[in-house]
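Going line by line, the protein sequences match chains S and W.
For the first sequence, my numbering begins at 1 and goes up steadily by one.
For the second sequence, my numbering begins at 1 and goes up steadily by one.
It is worth saying that the hints were derived from the structure and are not from the lab.
Think of the CB as a built atom: it goes at the ideal place given N, C-alpha and C, for glycine as much as any other residue.
Just so you know, not all the hints are guaranteed correct.
[Claimed, not checked] In silico EDC-like pairs for lysine to aspartate or glutamate, Cα to Cα no more than 20 angstroms straight-line: (1) W/K68 - W/E29; (2) W/K78 - S/D24; (3) S/K15 - W/E91; (4) S/K15 - W/E119; (5) W/K77 - S/E126; (6) S/K190 - W/D92; (7) W/K75 - S/D24; (8) S/K15 - W/E229; (9) S/K15 - W/E163; (10) W/K30 - W/E229; (11) W/K68 - W/E9; (12) W/K77 - W/E163; (13) W/K184 - W/E91; (14) W/K30 - W/D66.
[Claimed, not checked] A short, non-exhaustive set of chain W residues, derived as facing chain S with CB atoms under 10 angstroms: (15) E9; (16) L15; (17) K22; (18) Y58; (19) G61; (20) K78; (21) P117.
[Stated by the list, open to error] Per label pair, the in silico range of CB-to-CB distance: (22) S/A41 - W/E122: 33 to 39 angstroms; (23) W/G187 - S/Y30: 45 to 51 angstroms; (24) W/E122 - S/I45: 36 to 42 angstroms; (25) W/M84 - S/S93: 41 to 47 angstroms; (26) W/I251 - S/T21: 30 to 36 angstroms; (27) S/S94 - W/K78: 48 to 54 angstroms; (28) S/K15 - W/E129: 36 to 42 angstroms; (29) W/K78 - S/P130: 33 to 39 angstroms; (30) S/P75 - W/G187: 46 to 52 angstroms; (31) S/N52 - W/M84: 48 to 54 angstroms; (32) S/L88 - W/M84: 35 to 41 angstroms.
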Amino acid sequence: MEEKNNGAIPEAQDKPVPALTHVDANQEGYRWVAITAMLFAIGIILHTVSPNVGGVTPNWTIAMYAIVINLTRPPLKRALGIGFVAGLTLIPSSKSAFPLGNMASELCGATSCCLMVKAFALCHLENWRPVPFITGFAATFVSGSVFTFILKLVLGLPLRIWIFAMLPVVAVVGLLNGLITFGLFRPVKKLFYAQEGGDDK
Amino acid sequence: MNPVVSVTEFYFKYLRSGLVLKNINLEIEKGSFTVIIGPSGAGKTTLCKAITGIVPYYTGGDYAGDVKVLGETTKGKKVSDLAMKVGLMLEDYESQLVSLTAGEEVAFSLLNHGFPPDEAEERTRRALEDVGLPGRENYQLDELSGGQRQRLALASLLAVHPEVIVLDEPVSAMDPDGGESLYKLLGKIREEYGTTFIVVEHRVEFVLPYMTNLIAVKNGEIAGQGTCEEVVSRIYEDTELRPLLPDLWQIKRGLEISTGQRFRLWRSTEEAAEELRMKGFGKGVRA
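Isolated chain S (complex conformation) (with noise of 0.2 angstroms):
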């Protein structure tokens, strides 16, 4: 240890602060796999053990991944890859005549929540509080709106039918998906993100 002055600090301890540069966290590189299985894996247990309440249940993997969205931001490319993975993990458990139309939905679902996000922060609207329930209501509509789409075509239903009886049910859900991801956003952000601001002793 280099001794200056008997231990004492030669500087003067009033110097000017230096201009400072800004570095953004770099927590990034597998971070957001890390949040996304986790929450998937969350949303997975939930939607195989949700009950179903007049017709209605909340799709827990969109929440979820509607979650992560917000919270990671990703480029277009891998918000296609959380949709894909999205849709992989719904067939299984997929109750409908047509569990693969999961893929389309999801994919389309994720890729509306991603590009939501990015408007809302071209707007500089990133941190209004609404935005995790105006995004989980829209991947959920737009993905409900898709796959109910898909089983109307497989099934060869009445385009009325779609509008009138499943579009609706399909907001029911989305309502509640962005009851979901608005309640859950802000916890989830503190747990992954705690050290953002600082958790010095």
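Mind docking chain W on chain S? Use the hints.
Only chain W this time, still in chain S's reference frame:
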């Protein structure tokens, strides 16, 4: 002077905080055992994170100045690469354990850095031996006691053979026996491998026999630094830092001031008692 860590005019603030570190200038000598003391919130943990590159490159924030480890700046270095040179054990060491068994835990960072499985196995065996956990490779983490898990975290650092090991309050949750035992182990490792240790410690009594250097941090600034002999007087003068010195050294300085005599820097009560006896203290006082 052969510094393994040098910090030059370093300033840092987190993304949403005021300045946490201000004008930090320090050099850590190779093979030294440096203890960092300071009141709560002084910036000790952030200083440790700065030495390991976590601050500012992982946490984000605003900084000025430079930190060099083994002569190389930490700028642009990945924390995982720096970990090969400087290992960090956090106060919450449990958060650093990620595997199911002790062997997997120690081998984790080795395999991630591309060590061949045979070498990783050999290093794991040796590291577990060094920390007093020989043959525990297949133990589940929940089969190990708290103290053993802490030693395991230390073994994970040792396995990559870093030249510098930084420990943030490693004995804060330990009983006195556990604390003494851990520092004895660190002392042995330092002797055997010449590893440089930097330790944040409130209970300095445990580390007295091993520490060579002392850094006092106060309000984000270095309030004193140097070899223990050089810096104790300066720290004693600061009424806020004085209670952080070991009791023995506070007594020593108090006696020096009141009697005008000079005393050695006692490393144990026995050493203190011997010198005081030799200098005639306690004569005529009934035991």
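A quick look at each hint next to the structure:
1. For the hint pairing W/K68 with W/E29, the CA-to-CA distance comes to about 12 angstroms; that is within 20 angstroms, so the pair holds.
2. Proposed proximity of W/K78 and S/D24 is supported: the alpha carbons are some 14 angstroms apart, at most 20 angstroms.
3. Annotation: proposed proximity of S/K15 to W/E91 is violated, straight-line Cα distance about 32 angstroms (limit 20 angstroms).
4. As the CA atoms of S/K15 and W/E119 are separated by approximately 50 angstroms, the hinted pair breaks the 20 angstroms bound.
5. Restraint check for W/K77 and S/E126: not satisfied, since their Cα atoms lie roughly 30 angstroms apart, outside the 20 angstroms limit.
6. A threshold of 20 angstroms between alpha carbons decides the hint, and for S/K190 with W/D92 the separation of about 18 angstroms falls inside it, so the pair holds.
7. Only pairs whose Cα atoms come within 20 angstroms are accepted, and W/K75 paired with S/D24 is accepted, the gap being roughly 13 angstroms.
8. Proximity of S/K15 to W/E229 is assessed by CA-CA distance (about 28 angstroms); at most 20 angstroms being required, the pair is judged violated.
9. The straight-line distance between the Cα atoms of S/K15 and W/E163 is roughly 33 angstroms, outside the 20 angstroms bound, and the hint therefore fails.
10. Between W/K30 and W/E229, the direct Cα distance comes to roughly 18 angstroms. Compliance with the 20 angstroms bound is thereby established for this hinted pair.
11. Simply put, W/K68 and W/E9 have alpha-carbon atoms about 12 angstroms apart, close enough for the 20 angstroms limit, and the pair holds.
12. Between W/K77 and W/E163 the alpha-carbon distance is near 17 angstroms, which keeps this suggested pair within the 20 angstroms criterion.
13. At roughly 18 angstroms between alpha-carbon atoms, W/K184 and W/E91 fall within 20 angstroms of each other, so this suggested pair holds.
14. Only pairs whose Cα atoms come within 20 angstroms are accepted, and W/K30 paired with W/D66 is accepted, the gap being roughly 19 angstroms.
15. For W/E9, the shortest C-beta to C-beta distance to chain S is roughly 7 angstroms, which falls under 10 angstroms, so the interface hint holds.
16. Given the 10 angstroms rule on beta carbons, the hint for W/L15 holds: about 5 angstroms separates it from the nearest Cβ of chain S.
17. Checking W/K22 against chain S by beta carbon gives a least distance of about 7 angstroms; that is within 10 angstroms, so the hint holds.
18. A cut of 10 angstroms between beta carbons decides the hint on W/Y58: the least distance to chain S is about 6 angstroms, and the hint holds.
19. Taking 10 angstroms as the C-beta contact cut-off toward chain S, the hint placing W/G61 at the interface holds, the least distance being around 6 angstroms.
20. Nearest Cβ of chain S to the Cβ of W/K78: about 8 angstroms, under the 10 angstroms cut. The hint holds.
21. Against a cut-off of 10 angstroms between C-beta atoms, the interface hint on W/P117 is violated, since the closest Cβ of chain S lies about 22 angstroms away.
22. In this structure the supplied range 33 to 39 angstroms holds for S/A41 paired with W/E122, their Cβ-Cβ distance being about 35 angstroms.
23. Range check, W/G187 to S/Y30: Cβ separation about 36 angstroms, and the 45 to 51 angstroms hint is violated.
24. Under the hint 36 to 42 angstroms, the C-beta atoms of W/E122 and S/I45, about 40 angstroms apart, fit the expected range.
25. Separated by about 43 angstroms at the C-beta atoms, W/M84 and S/S93 satisfy the suggested range of 41 to 47 angstroms.
26. Range check, W/I251 to S/T21: about 46 angstroms between beta-carbon atoms, so the 30 to 36 angstroms window is missed.
27. Between S/S94 and W/K78 the beta carbons are some 41 angstroms apart, a value that contradicts the proposed interval 48 to 54 angstroms.
28. Our hint of 36 to 42 angstroms for S/K15 and W/E129 is violated, since their Cβ atoms are close to 48 angstroms apart.
29. Against the hinted window of 33 to 39 angstroms, the Cβ-Cβ separation of W/K78 and S/P130 comes to about 37 angstroms, which satisfies the hint.
30. Range check, S/P75 to W/G187: Cβ separation about 50 angstroms, and the 46 to 52 angstroms hint holds.
31. Between S/N52 and W/M84, the C-beta spacing of about 53 angstroms keeps the proposed range 48 to 54 angstroms intact.
32. Taking 35 to 41 angstroms as the suggested C-beta distance range, the pair S/L88 and W/M84 conforms, at roughly 37 angstroms.
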